[in-house]
Amino acid sequence: MSFFSHLGKYFIMLKGMISKPENSKLYWKEFMHQCSEIGIGSLGIVCIISLFMGAVSALQTAYQITSPFVSKLIIAQIIRDTVILEFAPTLICIVLAGVVGSKIASELGNMRVSEQIDAIEIMGINSKTYLILPKIAAALITIPMLVVLAMVLGIYGGRLTVGLSGIISTETYDRGLKELFLPYNVFFAMMKAYTFAFIVSSIPAYFGYYVKGGSLEIGRNSTKSVVVTCVVILFADYILAALLL
Amino acid sequence: MIEFKNISKRFDDKQVLQDVSHVMYSGKTNLIIGTSGSGKTVLQKCLVGLYEVDAGEIIYDGLSFTKMNDEEKKMLRQQIGMLFQGSALFDSMTVEGNVKFPLDMFTKDKESEKIKKVNEVLERVNLVGTNNKLPSQLSGGMKKRVGIARAIVLNPKFLFCDEPNSGLDPQTSMLIDKLIHDVTIEFNMTTIINTHDMNSVMEIGNNIIYLKDGKKEWSGNSKDIIFSENKNLNDFIFASEFLQDAKEMRMLEAKGKKG
Numbered sequence: 001m002s003f004f005s006h007l008g009k010y011f012i013m014l015k016g017m018i019s020k021p022e023n024s025k026l027y028w029k030e031f032m033h034q035c036s037e038i039g040i041g042s043l044g045i046v047c048i049i050s051l052f053m054g055a056v057s058a059l060q061t062a063y064q065i066t067s068p069f070v071s072k073l074i075i076a077q078i079i080r081d082t083v084i085l086e087f088a089p090t091l092i093c094i095v096l097a098g099v100v101g102s103k104i105a106s107e108l109g110n111m112r113v114s115e116q117i118d119a120i121e122i123m124g125i126n127s128k129t130y131l132i133l134p135k136i137a138a139a140l141i142t143i144p145m146l147v148v149l150a151m152v153l154g155i156y157g158g159r160l161t162v163g164l165s166g167i168i169s170t171e172t173y174d175r176g177l178k179e180l181f182l183p184y185n186v187f188f189a190m191m192k193a194y195t196f197a198f199i200v201s202s203i204p205a206y207f208g209y210y211v212k213g214g215s216l217e218i219g220r221n222s223t224k225s226v227v228v229t230c231v232v233i234l235f236a237d238y239i240l241a242a243l244l245l
Numbered sequence: 001m002i003e004f005k006n007i008s009k010r011f012d013d014k015q016v017l018q019d020v021s022h023v024m025y026s027g028k029t030n031l032i033i034g035t036s037g038s039g040k041t042v043l044q045k046c047l048v049g050l051y052e053v054d055a056g057e058i059i060y061d062g063l064s065f066t067k068m069n070d071e072e073k074k075m076l077r078q079q080i081g082m083l084f085q086g087s088a089l090f091d092s093m094t095v096e097g098n099v100k101f102p103l104d105m106f107t108k109d110k111e112s113e114k115i116k117k118v119n120e121v122l123e124r125v126n127l128v129g130t131n132n133k134l135p136s137q138l139s140g141g142m143k144k145r146v147g148i149a150r151a152i153v154l155n156p157k158f159l160f161c162d163e164p165n166s167g168l169d170p171q172t173s174m175l176i177d178k179l180i181h182d183v184t185i186e187f188n189m190t191t192i193i194n195t196h197d198m199n200s201v202m203e204i205g206n207n208i209i210y211l212k213d214g215k216k217e218w219s220g221n222s223k224d225i226i227f228s229e230n231k232n233l234n235d236f237i238f239a240s241e242f243l244q245d246a247k248e249m250r251m252l253e254a255k256g257k258k259g
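The listed protein sequences correspond, in order, to chains W and Y. Per this note's numbering, residue 1 is the first one in the first sequence, and the count goes up by one each step. Per this note's numbering, residue 1 is the first one in the second sequence, and the count goes up by one each step.
Here chain W stands alone, though its shape is the one from the complex:
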């Protein structure tokens, strides 16, 4: 199947999921369930990665700034900007492509192979609307929240490290954070977070929804969905940086 066939089928899937819900209460329940699965389910890994991401950034930045003529405040600024601009949105979403994306692809793939999707269609329910839309909507709500949390924890991880290792004092670090702060960077990071959230949920949904075969194909499609999602995230990252910075 060519790239354009996949792309066309992907957009047809997205178009197909836009329809009036048969029972909004049940769709709301499914949406809340997905919020819990995607948001709460990824909370632990996001916290761990964010703290270490900030901590390692602090050590490596301090290691590279050797000149006595450079203000130590810049360590905090570099950590802040790299965490906000790149690490929190991009790195976290790449991790979520593995955690959330593979789960979405394998869940839908299993439902397809075991005819559960057919059963939903036979009942007169739009399976795309019921199964895919709540996942994408939940990702669009929870992933940006996780990214904000990652920003806070990443910067806090840096603060803990510089304080504990004595690179600079925490007061100096806090002062550095406030200097030359551009609120636009947060806006840019959030634009990335929303774009990546859509990619992380919709691409694995496509690979899972259209699985053909058995359990082997579910595994293959799940892996393929993570790889494609990561590549598309990096590509979108470049496009957004080129357009918005």
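A couple of the hints might just be wrong.
Think about it this way: if two alpha-carbon atoms lie no more than 25 angstroms apart in a straight line, the pair counts; the simulated PhoX-like pairs of lysine-lysine are [stated by the list, open to error]:
{"no.": "1", "chain 1": "Y", "residue 1": "5", "chain 2": "W", "residue 2": "29"}
{"no.": "2", "chain 1": "Y", "residue 1": "5", "chain 2": "W", "residue 2": "15"}
{"no.": "3", "chain 1": "Y", "residue 1": "5", "chain 2": "Y", "residue 2": "133"}
{"no.": "4", "chain 1": "W", "residue 1": "29", "chain 2": "Y", "residue 2": "116"}
{"no.": "5", "chain 1": "Y", "residue 1": "110", "chain 2": "W", "residue 2": "9"}
{"no.": "6", "chain 1": "Y", "residue 1": "67", "chain 2": "W", "residue 2": "20"}
{"no.": "7", "chain 1": "W", "residue 1": "25", "chain 2": "Y", "residue 2": "45"}
{"no.": "8", "chain 1": "Y", "residue 1": "67", "chain 2": "Y", "residue 2": "116"}
{"no.": "9", "chain 1": "Y", "residue 1": "110", "chain 2": "W", "residue 2": "20"}
{"no.": "10", "chain 1": "W", "residue 1": "25", "chain 2": "Y", "residue 2": "110"}
{"no.": "11", "chain 1": "W", "residue 1": "25", "chain 2": "Y", "residue 2": "114"}
{"no.": "12", "chain 1": "Y", "residue 1": "74", "chain 2": "W", "residue 2": "25"}
{"no.": "13", "chain 1": "W", "residue 1": "212", "chain 2": "Y", "residue 2": "133"}
{"no.": "14", "chain 1": "Y", "residue 1": "74", "chain 2": "W", "residue 2": "212"}
{"no.": "15", "chain 1": "W", "residue 1": "9", "chain 2": "Y", "residue 2": "133"}
{"no.": "16", "chain 1": "Y", "residue 1": "45", "chain 2": "W", "residue 2": "15"}
{"no.": "17", "chain 1": "Y", "residue 1": "14", "chain 2": "W", "residue 2": "25"}
{"no.": "18", "chain 1": "Y", "residue 1": "5", "chain 2": "W", "residue 2": "20"}
{"no.": "19", "chain 1": "W", "residue 1": "15", "chain 2": "Y", "residue 2": "73"}
{"no.": "20", "chain 1": "W", "residue 1": "212", "chain 2": "Y", "residue 2": "117"}
{"no.": "21", "chain 1": "Y", "residue 1": "74", "chain 2": "W", "residue 2": "9"}
{"no.": "22", "chain 1": "Y", "residue 1": "74", "chain 2": "Y", "residue 2": "108"}
{"no.": "23", "chain 1": "W", "residue 1": "20", "chain 2": "Y", "residue 2": "74"}
{"no.": "24", "chain 1": "Y", "residue 1": "67", "chain 2": "W", "residue 2": "29"}
{"no.": "25", "chain 1": "W", "residue 1": "9", "chain 2": "Y", "residue 2": "157"}
{"no.": "26", "chain 1": "W", "residue 1": "9", "chain 2": "Y", "residue 2": "14"}
{"no.": "27", "chain 1": "W", "residue 1": "29", "chain 2": "Y", "residue 2": "45"}
{"no.": "28", "chain 1": "W", "residue 1": "9", "chain 2": "W", "residue 2": "178"}
{"no.": "29", "chain 1": "Y", "residue 1": "110", "chain 2": "W", "residue 2": "29"}
{"no.": "30", "chain 1": "Y", "residue 1": "108", "chain 2": "W", "residue 2": "20"}
{"no.": "31", "chain 1": "W", "residue 1": "25", "chain 2": "Y", "residue 2": "116"}
{"no.": "32", "chain 1": "Y", "residue 1": "14", "chain 2": "W", "residue 2": "29"}
Covered by chain W, per the in silico footprint, the following chain Y stretches (three or more residues, Cβ under 8 angstroms) [as the list claims (entries may be wrong)]:
{"no.": "33", "stretch": "133 to 142"}
{"no.": "34", "stretch": "170 to 182"}
Calculated from the structure, these hints are not laboratory results. Predicted model only: the values in this text are computed from it and were never measured. Glycine included, C-beta positions come from ideal geometry on N, C-alpha and C.
Position chain Y against the provided structure of chain W, taking the given hints into account.
Same frame as chain W, but now just chain Y:
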């Protein structure tokens, strides 16, 4: 009643169905039989609209299904129940959740009324007290019965069963057959069953269509099969010596009654 005329379906180079026509009656168990790969499942999936037909027409109670738009098809499907070969129960839901799902989606009944209805249907399929069990905790036969309960909970006019006896022991198969046959009569449904279980054919085959290589080769009922001279059908139905002997005995019995 479901009528289909000159149904054809092709996948890439393979012609799976060719000019298949038949009428499936309400209040009867209509069987589609044939060897593996003969097109039974594809025909059934075409009838419910999971596959689009390349040619031909499908008519549900006088309404052309092939000419309906998506919204009309969606409305009609709410009158269709289907039992899948692997039961297709939702793994994350309990038995009660599975059976209640169509009620939650399409009715505005109170929760207590829905539970009452679920319990009634579970009683009908002899699964009282299994409400809180997950599909993974059920045997194959129980899963099929939950599948039937979910399919009939909205009192559908049309019931489709794709190989309801596959993977079941003969005794459980007979129970499932009887259950499907009984609910068909009770709710006056048009029931269409895909099977290659000979016991089902002989016990509940009110109206049978035999497919071979995607074409309709023979049609009739379970009594007609005994006297059929269609070689392909006889080779398929009475494949073993035991079944051939059974056929001869039935024929002798019939002749004896006539004499």
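Results of checking the hints against the structure:
| no. | hint | verdict |
| --- | --- | --- |
| 1 | Y:5 <-> W:29 | violated, 42 angstroms |
| 2 | Y:5 <-> W:15 | violated, 32 angstroms |
| 3 | Y:5 <-> Y:133 | violated, 43 angstroms |
| 4 | W:29 <-> Y:116 | holds, 22 angstroms |
| 5 | Y:110 <-> W:9 | violated, 40 angstroms |
| 6 | Y:67 <-> W:20 | holds, 22 angstroms |
| 7 | W:25 <-> Y:45 | violated, 30 angstroms |
| 8 | Y:67 <-> Y:116 | violated, 38 angstroms |
| 9 | Y:110 <-> W:20 | holds, 23 angstroms |
| 10 | W:25 <-> Y:110 | holds, 13 angstroms |
| 11 | W:25 <-> Y:114 | holds, 15 angstroms |
| 12 | Y:74 <-> W:25 | holds, 19 angstroms |
| 13 | W:212 <-> Y:133 | violated, 29 angstroms |
| 14 | Y:74 <-> W:212 | holds, 24 angstroms |
| 15 | W:9 <-> Y:133 | violated, 38 angstroms |
| 16 | Y:45 <-> W:15 | holds, 24 angstroms |
| 17 | Y:14 <-> W:25 | violated, 44 angstroms |
| 18 | Y:5 <-> W:20 | violated, 33 angstroms |
| 19 | W:15 <-> Y:73 | holds, 18 angstroms |
| 20 | W:212 <-> Y:117 | violated, 36 angstroms |
| 21 | Y:74 <-> W:9 | holds, 22 angstroms |
| 22 | Y:74 <-> Y:108 | holds, 18 angstroms |
| 23 | W:20 <-> Y:74 | holds, 12 angstroms |
| 24 | Y:67 <-> W:29 | violated, 34 angstroms |
| 25 | W:9 <-> Y:157 | violated, 34 angstroms |
| 26 | W:9 <-> Y:14 | holds, 23 angstroms |
| 27 | W:29 <-> Y:45 | violated, 30 angstroms |
| 28 | W:9 <-> W:178 | violated, 47 angstroms |
| 29 | Y:110 <-> W:29 | holds, 17 angstroms |
| 30 | Y:108 <-> W:20 | holds, 17 angstroms |
| 31 | W:25 <-> Y:116 | holds, 20 angstroms |
| 32 | Y:14 <-> W:29 | violated, 43 angstroms |
| 33 | 133 to 142 | violated (count 0) |
| 34 | 170 to 182 | violated (count 0) |
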